[in-house]
Amino acid sequence: MALVLERGAAPAALDALLRTRQQAEPLASGAEPWLAWRGSTPVAGLATYLLDDLHGAPGLSGVLGHFVADDADAAERLLREASASLRVAGAARVLGPMNGSTWARYRFALAPDTPVGALEPPFLGEPTNPPDYPAWFARAGFAPVVAYESRIQRDLTTADPRAGQVAAQVAAAGLHLETLALDRLEPVLGEIHALSLESFGDNAYYRPIAREVFVAMYTPLRPILDPDLVLLARDAAGALVGFSFAYVDPLGAAAGAPGRVVLKTLVTRPAFRGVGLGGLLVDRTRSLALEKGHRAVIHALMHVRNVSKRMSERSTTEFRQYALYQLAP
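Numbering-wise (the working numbering), the sequence shown opens with residue 1 and increments by one.
Check the hints yourself; a few may be wrong.
Claimed, not checked - Just the calculated beta-carbon pair ranges, DEER-fashion: (1) Thr20 with Pro58: 20 to 30 Å; (2) Pro130 with Gly256: 29 to 39 Å; (3) Pro11 with Gln165: 48 to 58 Å; (4) Ala194 with Ala2: 49 to 59 Å; (5) Ser287 with Asp53: 17 to 27 Å; (6) Leu197 with Pro58: 30 to 40 Å; (7) Val88 with Pro227: 31 to 41 Å; (8) Asp53 with Thr20: 28 to 38 Å; (9) Gln165 with Asp52: 23 to 33 Å; (10) Asp235 with Asp132: 41 to 51 Å; (11) Asp132 with Asp52: 29 to 39 Å; (12) Gly256 with Glu198: 33 to 43 Å; (13) Glu81 with Pro227: 40 to 50 Å; (14) Ala84 with Gly30: 15 to 25 Å.
Simulated from the structure, these hints should not be mistaken for lab results.
Values in this document were obtained by computation on a predicted structure and should not be read as measured data.
Cβ coordinates follow ideal geometry from the N, Cα and C atoms, glycine included.
Please model the complete structure; the sequences and the hints are all you need to start from.
Structure below.
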């Protein structure tokens, strides 16, 4: 049956298709939905965005997000025609998958290439997708442009040998650690948002989001948060200068993976990056996970060239790779 593309499809129709594939996420402002139909059946969909303020990407960027497809032919035609429309609109580059922002769901998880990766189920917050999606993007002319990975620390009994020295350095810098008070979750999320804007500004294709949007993204995690696993580093005046945001993974437990803690975000204010605060936060998360009876810590979704990734390599094993794609010129 012939494939028919619908540009400017009803957002609810794309959302319904995504929900049948357990990939739903609200469309961001400026989204243009597309659907591919065979007869009365939608077989592929996505949303396009035009963005002009992505870090390291001058001019307009076209973004493909909310991608779903049942077969390679539908995927290729939809990707090619949606990309062409973005080029016509002036996009200097076309990126995907990205649901409108790097704060939302983006990147593809690649097929595991290690025994560890094959055994580890997905964790909460990890991109998930059918294994064919990266190949379908490649078939439509896309290639990886940024690489990421997640790593897992299975031995939680071995402390960082420099932990005592680093703790002394951090204290000498006038910093102290505290844990999250859940009754102050929203104001603390506001502080985390402000520090994240300051610290993430150099990330590939970054663009800021409003405080209220950020708080709305993270507040639903309240029921699963162990406040001891959200560590806040403050200076003598009480200002937030670093944090590690970790939580117990409910998906691992459901899949039979015992006691995984996800270290989702690690941030240090640039002025304090030389005192070892990041390493202290990582080791303290390991220690807390061990004390609470967990058996592994996942260092989640790190850019392969980030300092945090190099820090993580000392005690972890890679188990998943991810990629963001760009259409070839």
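Practice problem: Would you list, in rising numerical order, the hints stated earlier that this structure does not obey? | Solution: 1, 2, 5, 6, 7, 9
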